[in-house]
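Chains as they are written, first to last, in this note's numbering: chain W, 1 to 297; chain Y, 1 to 297; chain H, 1 to 297; chain C, 1 to 297.
The hints are simulated quantities; they were obtained by calculation from the structure and are not laboratory data. None of these values were measured; they are calculated from a predicted model. It cannot be assumed that every hint is accurate.
Same chains, same label: a pair holds when it works inside one copy or across any pair of copies.
What the hints assert, rightly or not - Derived lysine-lysine pairs resembling BS3-like cross-links, with alpha carbons at most 30 Å apart: (1) K94 - K228; (2) K141 - K191; (3) K83 - K228; (4) K191 - K228; (5) K141 - K55; (6) K66 - K169; (7) K83 - K191; (8) K83 - K141.
Number of protein chains: 4
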Amino acid sequence: MRAPITIDALNSCDAATFVSLMGEVFEHAQWVAQAVVADRPFASAEALHAAMMTKVEALPEPELLKLLAGHPELGGADARSGKMTADSVREQGKLSLNSLDQAQALRWDALNATYIERFGFPFIICVSRHTRSSVLRNFEKRLINDRSAELAQAVTEIGRITRLRLAAKIAEHGLLRVNGALSTHVLDTSKGCPAEGMRFTLHELSDDESVRRLIVDAVTDSRGRTPKQLISGEPLRIGLYELRFHVGEYFRRVGAIQSDRPFLDIVPVLFNIEDPEGNYHVPLTVTPWAYSTYRGQ
Amino acid sequence: MRAPITIDALNSCDAATFVSLMGEVFEHAQWVAQAVVADRPFASAEALHAAMMTKVEALPEPELLKLLAGHPELGGADARSGKMTADSVREQGKLSLNSLDQAQALRWDALNATYIERFGFPFIICVSRHTRSSVLRNFEKRLINDRSAELAQAVTEIGRITRLRLAAKIAEHGLLRVNGALSTHVLDTSKGCPAEGMRFTLHELSDDESVRRLIVDAVTDSRGRTPKQLISGEPLRIGLYELRFHVGEYFRRVGAIQSDRPFLDIVPVLFNIEDPEGNYHVPLTVTPWAYSTYRGQ
Amino acid sequence: MRAPITIDALNSCDAATFVSLMGEVFEHAQWVAQAVVADRPFASAEALHAAMMTKVEALPEPELLKLLAGHPELGGADARSGKMTADSVREQGKLSLNSLDQAQALRWDALNATYIERFGFPFIICVSRHTRSSVLRNFEKRLINDRSAELAQAVTEIGRITRLRLAAKIAEHGLLRVNGALSTHVLDTSKGCPAEGMRFTLHELSDDESVRRLIVDAVTDSRGRTPKQLISGEPLRIGLYELRFHVGEYFRRVGAIQSDRPFLDIVPVLFNIEDPEGNYHVPLTVTPWAYSTYRGQ
Amino acid sequence: MRAPITIDALNSCDAATFVSLMGEVFEHAQWVAQAVVADRPFASAEALHAAMMTKVEALPEPELLKLLAGHPELGGADARSGKMTADSVREQGKLSLNSLDQAQALRWDALNATYIERFGFPFIICVSRHTRSSVLRNFEKRLINDRSAELAQAVTEIGRITRLRLAAKIAEHGLLRVNGALSTHVLDTSKGCPAEGMRFTLHELSDDESVRRLIVDAVTDSRGRTPKQLISGEPLRIGLYELRFHVGEYFRRVGAIQSDRPFLDIVPVLFNIEDPEGNYHVPLTVTPWAYSTYRGQ
Chain W
1 MRAPITIDAL
11 NSCDAATFVS
21 LMGEVFEHAQ
31 WVAQAVVADR
41 PFASAEALHA
51 AMMTKVEALP
61 EPELLKLLAG
71 HPELGGADAR
81 SGKMTADSVR
91 EQGKLSLNSL
101 DQAQALRWDA
111 LNATYIERFG
121 FPFIICVSRH
131 TRSSVLRNFE
141 KRLINDRSAE
151 LAQAVTEIGR
161 ITRLRLAAKI
171 AEHGLLRVNG
181 ALSTHVLDTS
191 KGCPAEGMRF
201 TLHELSDDES
211 VRRLIVDAVT
221 DSRGRTPKQL
231 ISGEPLRIGL
241 YELRFHVGEY
251 FRRVGAIQSD
261 RPFLDIVPVL
271 FNIEDPEGNY
281 HVPLTVTPWA
291 YSTYRGQ
Chain Y
1 MRAPITIDAL
11 NSCDAATFVS
21 LMGEVFEHAQ
31 WVAQAVVADR
41 PFASAEALHA
51 AMMTKVEALP
61 EPELLKLLAG
71 HPELGGADAR
81 SGKMTADSVR
91 EQGKLSLNSL
101 DQAQALRWDA
111 LNATYIERFG
121 FPFIICVSRH
131 TRSSVLRNFE
141 KRLINDRSAE
151 LAQAVTEIGR
161 ITRLRLAAKI
171 AEHGLLRVNG
181 ALSTHVLDTS
191 KGCPAEGMRF
201 TLHELSDDES
211 VRRLIVDAVT
221 DSRGRTPKQL
231 ISGEPLRIGL
241 YELRFHVGEY
251 FRRVGAIQSD
261 RPFLDIVPVL
271 FNIEDPEGNY
281 HVPLTVTPWA
291 YSTYRGQ
Chain H
1 MRAPITIDAL
11 NSCDAATFVS
21 LMGEVFEHAQ
31 WVAQAVVADR
41 PFASAEALHA
51 AMMTKVEALP
61 EPELLKLLAG
71 HPELGGADAR
81 SGKMTADSVR
91 EQGKLSLNSL
101 DQAQALRWDA
111 LNATYIERFG
121 FPFIICVSRH
131 TRSSVLRNFE
141 KRLINDRSAE
151 LAQAVTEIGR
161 ITRLRLAAKI
171 AEHGLLRVNG
181 ALSTHVLDTS
191 KGCPAEGMRF
201 TLHELSDDES
211 VRRLIVDAVT
221 DSRGRTPKQL
231 ISGEPLRIGL
241 YELRFHVGEY
251 FRRVGAIQSD
261 RPFLDIVPVL
271 FNIEDPEGNY
281 HVPLTVTPWA
291 YSTYRGQ
Chain C
1 MRAPITIDAL
11 NSCDAATFVS
21 LMGEVFEHAQ
31 WVAQAVVADR
41 PFASAEALHA
51 AMMTKVEALP
61 EPELLKLLAG
71 HPELGGADAR
81 SGKMTADSVR
91 EQGKLSLNSL
101 DQAQALRWDA
111 LNATYIERFG
121 FPFIICVSRH
131 TRSSVLRNFE
141 KRLINDRSAE
151 LAQAVTEIGR
161 ITRLRLAAKI
171 AEHGLLRVNG
181 ALSTHVLDTS
191 KGCPAEGMRF
201 TLHELSDDES
211 VRRLIVDAVT
221 DSRGRTPKQL
231 ISGEPLRIGL
241 YELRFHVGEY
251 FRRVGAIQSD
261 RPFLDIVPVL
271 FNIEDPEGNY
281 HVPLTVTPWA
291 YSTYRGQ
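Hey, can you work out the whole structure from these sequences and the hints?
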């Protein structure tokens, strides 16, 4: 991936450079970049994105269907055989949709086939905003929509996909609602101070909790926090998460308890993220015998 | 098992009946019952138990070793081939120690062999107070004790085993520290009322959380409680437990939330029980966005 | 006041006795007792009360106005000069309405005069369910009602007054919604046990907090509770209350803190009671640095 | 008061200017500034303060007593008749020690007289770190110290007084432990969001709660906070404080409750500040029926 370019540089480069830089933002649709090149200068990345989306939203249905058809199937044959744009490979790869086992591949093939048969265009979703559980749940829910709702939804998802791609290409992009943030904070309310040096982990879970993926394994600092947020600089993936705080180990170390089987040892906090661009603060206030948690912001 | 008998009836029956009724309390050691028959009447089951234990504690070491030797190995060949007293079968069966797979059987055999080689008598523990995880952890810890500590511990454990057996045989036994209790209570602090109709489950977990056993699957009543305690009338088994409250389902039903992916859906509370005869009250105060729990009594 | 009588005795005594026993239940209206004497036996105190209220509710307006006129003014001249039934004296006396200073007396006189001029009958309220603040607030709110609403409200209040009077006269009365209850519970969540020996006080406050009346000065027992509820056996008076927990003193005594100026010393909990027949449980979970409270039931 | 000067400017100005600028830092003791003028340059305000204190700590007792004698009595005749340095006037004025009524003046005179008779020098305390309650409590406690402890304490207090005076005179002073901070944060845990637009007040209380002084009357912003901390840029005065949150008004406005007598209306949080240079964060998480608070940092 190239280094990000400034909006000023994008405004002042020649048309060919602009198109080559922005051409991949819309999957197999360089024409979108071409269509806005004459509208330069853009006041901001936001304005550029809006201009590009206006072109897409103005398409007559046959043209729109062509654009949609340019998108690869999710977890489909293209994904598995590698015939996708670099961006799509990266996006689907995060959910391991390009390395499905056979049973899973059959299920995705069935979903894709049903969808395309029903609507006449492929299922489009901004996968960067989803866990695999939430993509599947979303896929199943959208299968029962009517066609016009799905057409509109496809355009919305293309807006989300391209907004993220633009954000990756443009320096200091200032695009609204691109990233979310997840943070925590542990307070030892038996001593009235931050819980320093408490280990905790963050896991992404499948909705039935059968599959767990470790995302963060960290230790709180002197403020009971971590130097940086647990997730930031990208959308939060819609899905189920678990924070696991090693409370027993902490209280043994600070001398508050002796037992090797303390009432509270690991404190799990299970929560859903529904808003990928939201700000989730999930603190813990804890003593050896009690704890509280809540969604802060 | 016979119906319980009153202490009065035990005091007034003839000696042979007393011995036949109380003879099994000490494993393969009817002589203990015989040794106290002349000391009747006993003011209480507590007094009877104390008298029997006094006989055991007064044994010279060779006699004590004979008594200990009468106890079956935990998870040993006797357990697996069924050569134990009915009480031992029942007690070990609760932990499935009589149906181990081969790898487990080998591990237990190794522990038993090491123990008996080191101390000259079998490992004795009141299994009714333990989960399988805690029996194993206890076994490993006790292997490094010195012999006199283990002899004393064996007598303590025999006291616990026989106290429970007496409690099962005597009506209105009034024996202290026989049973523990576990209860919960769910309060909806967004409405200031008990959370009625909230499903929750209670699980017994292995210490590494890899094995889970469902113990209770219940729904809170109009007081946010259950009609009876979750565990009572027996010792709580030392070990790791999990309560799982179906909070999302509850708040959807009462109209507090609509989302099918609520911030809080299942709230897990993971806690250790260390005191089998203790009173554990583990309540939950909860809103759709926050919760607290603590050990009450 | 006589000792309570059973409903059976009331059913079987002669008519004159019945009337003499029940004649005072309705203020200056012995006729109500007389009107139901022939309807005996009553299955319960509830049935007796319902029968009496039916007679009142059936009154044509002129007769109803006579009944209402039999009630003394609240804080009025009769109250101050002692021309009331014993029950009214006792009820108004609890709010000190018979010992108002001159400014207060003038205010009550003005309220009473305005009310009677506007509606043609005296302001009737079951004072046993109110603090002085809430009587005044209620009085002012009801002054702007229309006449039919106030007539209905007067009958409702007579129902409440007579229900309480019946409850005092009849043994094991079983009357629903006569009493409320207020209780507390203190849990030391830094130690995971009930906070034993913590002093706390309960105060009834005027709505602007300028006047405070001490109701309870107590110490928690080994369960972190008090042997009996803080208020019970009577309606809770609608109004503002404060619990004050002597948290600093407790934590110093148990050795959790040394400071003579602890972060938390007195913990005040200010709450309103709106439902006189409700069950208010107001617990405190507390460490030297944190606390929570909530309405339980 | 002059505009602050940089440490560089202090290092490079001529000696007379340095002494005129720093001469008032120690009460009636310009010689301290003179004694360090030749030690310039100082790396920091911290180093300058340390150098000055070294001169004071090195004084033989007779000279030290002269320095102490230069300090005015707290709430004494000098304070009342205005014979103090401008700094002392300002410092004592904050506690209204220059406008005592007659009874209070007599009490302060008695304390001062007892102290000076017992120790031979006036009671010295850095009043900027105290409320009036805590000055009095401190005065009474120190009266029973022995003389050498009080001499040492007097020097410690002079260190605190002069550190604050230096901080006021030097730009970007970087002096450690000069200021404390108090902040709050209100989270609506029934909605999982910051409580925006909740009014609250902060009061400084006498230890017996009989005297209250309003310090802050504010409304939370969209983050449930205030734009700046409640107290900052100065030491927190040791003493008792109360935050009062207008919870009922807030929940009525957002539609969570209708009642004009809600269970929670005003939520008072009473807490002591013991560490004037500490960081006190006192948040509230609240629903219409429950709340929690704790000391954060």
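So, going through the hints one by one against the coordinates:
1. Taking CA atoms no more than 30 Å apart as the test, K94 paired with K228 passes inside one copy only; the shortest distance there is 22 Å, against 41 Å between copies.
2. In this assembly of identical chains, the alpha carbons of K141 and K191 lie at most 30 Å apart only when taken from different copies (27 Å versus 48 Å within one copy).
3. For the homomeric pair K83 and K228, neither the shortest alpha-carbon distance inside one copy (37 Å) nor that between copies (55 Å) is at most 30 Å.
4. Proximity of K191 and K228 under a CA criterion of 30 Å is satisfied in both settings, with 25 Å inside one chain copy and 26 Å between copies.
5. For a Cα distance limit of 30 Å, the shortest separation of K141 from K55 inside one copy, 28 Å, qualifies, whereas the shortest one across copies, 62 Å, does not.
6. In the homo-oligomer, the alpha carbons of K66 and K169 lie at most 30 Å apart inside one protomer (25 Å), although the nearest pairing across protomers, at 72 Å, exceeds that limit.
7. In this homomeric assembly, K83 and K191 never come within 30 Å of each other (Cα to Cα): the closest approach is 58 Å inside a single copy and 46 Å across copies.
8. For the homomeric pair K83 and K141, the shortest alpha-carbon distance inside one copy (27 Å) is at most 30 Å, but the shortest distance between copies (59 Å) is not.
The structure does not agree with the numbered hints 3, 7 stated previously, though it agrees with the rest.
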